[in-house]
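> Sequence:
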Amino acid sequence: MATIMQSTPRAGLRALVILLAVASAGCQDTIIKVLGPENAPQLTAQPDLFRFYANDMDNVHDEVSATFDFSGTSAMVVHQNFVHHGYGTIAVLDAVGDTVYKSGLEWNSEFPTREGVKGRWKAIVSLYGARGRVDVSVTKPAAP
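In the numbering used here, the protein residues as written are 496 to 639.
All the pointers check out, no bait thrown in.
Label pairs and their calculated CB-CB ranges:
{"id": "1", "residue 1": "ILE513", "residue 2": "SER604", "range": "45 to 51 Å"}
{"id": "2", "residue 1": "GLN537", "residue 2": "ARG626", "range": "14 to 20 Å"}
{"id": "3", "residue 1": "TYR582", "residue 2": "LEU508", "range": "35 to 41 Å"}
{"id": "4", "residue 1": "THR525", "residue 2": "THR568", "range": "41 to 47 Å"}
{"id": "5", "residue 1": "PHE577", "residue 2": "GLU610", "range": "26 to 32 Å"}
{"id": "6", "residue 1": "MET571", "residue 2": "ARG615", "range": "16 to 22 Å"}
{"id": "7", "residue 1": "PRO639", "residue 2": "ILE526", "range": "46 to 52 Å"}
{"id": "8", "residue 1": "ALA638", "residue 2": "PHE606", "range": "17 to 23 Å"}
{"id": "9", "residue 1": "ILE513", "residue 2": "ASP593", "range": "53 to 59 Å"}
{"id": "10", "residue 1": "VAL512", "residue 2": "PHE606", "range": "47 to 53 Å"}
{"id": "11", "residue 1": "GLU558", "residue 2": "ASP593", "range": "15 to 21 Å"}
{"id": "12", "residue 1": "GLY567", "residue 2": "SER604", "range": "17 to 23 Å"}
Result set (DSSO-like, lysine-lysine): computed pairs, CA atoms no more than 27 Å apart in a straight line:
{"id": "13", "residue 1": "LYS597", "residue 2": "LYS528"}
{"id": "14", "residue 1": "LYS597", "residue 2": "LYS617"}
{"id": "15", "residue 1": "LYS528", "residue 2": "LYS617"}
{"id": "16", "residue 1": "LYS635", "residue 2": "LYS617"}
{"id": "17", "residue 1": "LYS597", "residue 2": "LYS613"}
{"id": "18", "residue 1": "LYS635", "residue 2": "LYS613"}
{"id": "19", "residue 1": "LYS597", "residue 2": "LYS635"}
Honestly, the hints are just simulated from the structure, not real lab data. Beta carbons: idealized from backbone N, C-alpha and C, even for Gly.
Start from the sequences, fold in the hints, and give me the full structure.
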């Protein structure tokens, strides 16, 4: 003899509650944070140097930008980042607003920018759900 089980509204509600509990457990990381004192952010923008540093990031969504006078036509972007969750980018714009460099935040590497117009440059660091440390700088290349 076959047994037929009928679904009741109560059983459906129970299944929905269990499904929502399981789904929300996977989203425990949804608190969006901005950079704060706990990240010890440091921004340096002076002639021929931009540097941004922040540590102990935990699901940070934020953007930091600064302008700085740059006497050269190309720069070196030095990455010493450790972003192990989420991601971040850096963009460098020359004096006329052309993008001379754009990249993800890399680990322990250096890359040259494209040639640009000297003058007032801008660097933009964008963070998207980032965890870890950002330490990136834009400097004049070392003399040959």
